[in-house]
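Student: Take a look at the letters that make up each chain.
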Amino acid sequence: MTSPDRKSESRAVLTRRQFIGATAAAAGTVPLAAGAAAAEAAGAAGEYDVIVIGGGFCGITAARECRRAGLRTLVVEARNRLGGRTFTADFDGRRVDLGGTWVHWSQPHVWTEVRRSGLPLEETIGATADHVIVRTSKRDIVSLSYAKSGAGLERAVATYIGDGRAALPLPFDPFGSEAYRKLDGISSAERLAALKGLSALERDYVDAYFAGQGHNYTDQFAWLEMVRWYCLSGHNLLDMTDMSSRFHFRDGTAALLNFLLAEGKPDVRLGTPVRRVVEDKNRVAIVTSRGEELTARAAISTVPLNVLKDIEWQPPLPEAKLQASRETHAGHGTKLHLLVEGDYGNISCAAPSRYALNSLITEVVADGHTHLIGFGPDPELLDVNDTESVQRAVRLFLPEAKVKRALGYQWTLDPFAQGTWCTLRPHMWSRYLRELQQPSARIIFASADWANGFRGFIDGAMEQGFEAGRQVRALFA
Amino acid sequence: MSGTVLHVEHVHLPCARRSRDLGLTLVLATLGLPAVAVECDANLGAEAFASKCAACHSLEAGQHMTGPSLHELAGRRAGTVSGFNFSAAMSESGIVWSSTSLEAFLTSPQTYVRGTVMPFGGVKNATERAAIVCYLVTS
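Here the protein sequences come in this chain order: A and B. Our numbering numbers the first residue of the first sequence as 1 and each following residue consecutively. Our numbering numbers the first residue of the second sequence as 1001 and each following residue consecutively.
Since the hints were made in silico from the structure, they are not lab data. Any given hint might turn out to be false.
[Claimed, not checked] Quick list of in silico lysine-lysine cross-link-like pairs, DSS-like style, CA-CA up to 27 Å:
(1) Lys138/A <-> Lys148/A
(2) Lys138/A <-> Lys402/A
(3) Lys196/A <-> Lys1124/B
(4) Lys138/A <-> Lys182/A
(5) Lys182/A <-> Lys1124/B
(6) Lys182/A <-> Lys148/A
[Said to hold, decoys possible] Computed list of chain A residues with no C-beta within reach of chain B, every gap over 10 Å:
(7) Arg72
(8) Leu119
(9) Phe172
(10) Cys231
(11) Thr295
(12) Arg354
(13) Lys402
(14) Glu435
(15) Arg442
(16) Gly453
(17) Arg473
[As the list claims (entries may be wrong)] Take a look, some chain B residues computed to stay more than 12 Å from chain A by CB distance:
(18) Val1008
(19) Cys1040
(20) Asp1041
(21) Glu1072
(22) Gly1075
(23) Arg1077
(24) Thr1080
(25) Ser1093
(26) Ser1098
(27) Ala1104
(28) Pro1109
(29) Met1118
(30) Val1123
(31) Ser1139
None of these values were measured; they are calculated from a predicted model. Beta carbons are placed, not taken as given, at the ideal position from N, Cα and C, and that holds for glycine.
Bound conformation, chain A alone:
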């Protein structure tokens, strides 16, 4: 690949290269798996004050808040690991994240912990790519130098956002203005179709960019969700890309989760799916899939939106919560890490909504290989376990590419996730968001899926964890 340099002189924040080779701790040292640091429940110590259902970033943050308030706290987690929709694994000698990955200083909850923990970050270099390669809807492959064409792409995306900005004067507060209601029913695809003045290539790029962010076909998620991301990250394409895909933990999100766990020290039970939750006047009883009953004075459910419907709630959940869960949020796509032979440079590839991959960006070039991260709209279009399928998808952009290895986690097949990060479908914001945030008398409902600000992000999960802690303290006050 030729690469007229668009070196990030003004944008380089981290010296990534110095981190390469200094690989993370071995998997076995991370106490997130069964048998490692899975404290058993407090035996004869009696009832817990709080049981947190779910050990992702929301649940572990909430548990730390409860522990800080001096409450006896148990986390029950269905899987044999913590992390929820984040999952750190090894890939080609590096620690990589198969789920939630990137963090940014615009994200107040997680960034505070980034600084407090001192954990090192690295960059995904493709977030500031030298070249943008577009597979067009006419099946051409077009290569653009960002130095020459970046401003055009930024203007095309700004056109797509357009008057959406006026509808979200307070993007961190979903109910700070009623203006969103008029636009909430518009899908990303409908917005793009209604726009005039974009070239075919610009249209393909915008469709691809937002399919990757919405993680589904662009007719499946609300345009306002993307407007919200854009507004939260400073109203421009470069910062939105930085916010969503540039900075990640060198040792994976597991490193931050361990930091939170070490501070909170809640009791944790892994491999304990919850089948039924029974709330009465004085307590909440959690019945596990093995029939065991655990009780507490209050509970924090961090069960994801798409999974809420699969637990038996007594009394039943409000219909709006259940209906939202049945409709599911739109985050249903694929994500994978892959290693391609040869140096393809610092690239960002884009293909419109109906292709197997919408986004493919360079993580790093090392040892004669290019490590790329890809996102597609639909597991039916790309089997992440099948190298041939992955290679066909990569060749949408790089016709000669030879895929050496690929790794993805099939989030939609995970019964405890049933999807990826939350992007709301058209109308869900106005119909369900407020209700999803409502507690019952003794159960706080917290999830990144209905966070106020960075909904769908690690920051949103932590926002909800902090909020759940506040609500529990109020309950016990």
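Please arrange chain B on chain A, whose structure you already have, making use of the hints.
Tutor: What follows is chain B alone, placed relative to chain A:
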């Protein structure tokens, strides 16, 4: 709109796709033969295990990760290794792990064991799948 000019540097025509060797895959899948018809490819098995299984499974005795240890898997009754919380579906499946049952399971885990919580859609490539099965039963 003003000034949205994109500077196209290269345009490739889409390349022809290679035809896949569907015939072989189909025959092997239909007959259910790979485990006996294909000799162990140790290198392919190790690589495929590393890239598709090792994020959640270890071959070390007692080292449970997101999924259970697969140490000395052949002959073991599914869902019985100590120290791991299995789904009821796996514990009650009655499966004894062998080349044949592993071949069927890895083709489509959630079909072969309905209700398993293993979030894995299966290995569609018969050669690769057979290599993983060989690797598991001989490791």
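Student: Let me make sure I understand: some of the numbered hints might not hold for this structure. Which ones are they, in numerical order?
Tutor: 3, 4, 5, 6, 18, 28, 29 and 30
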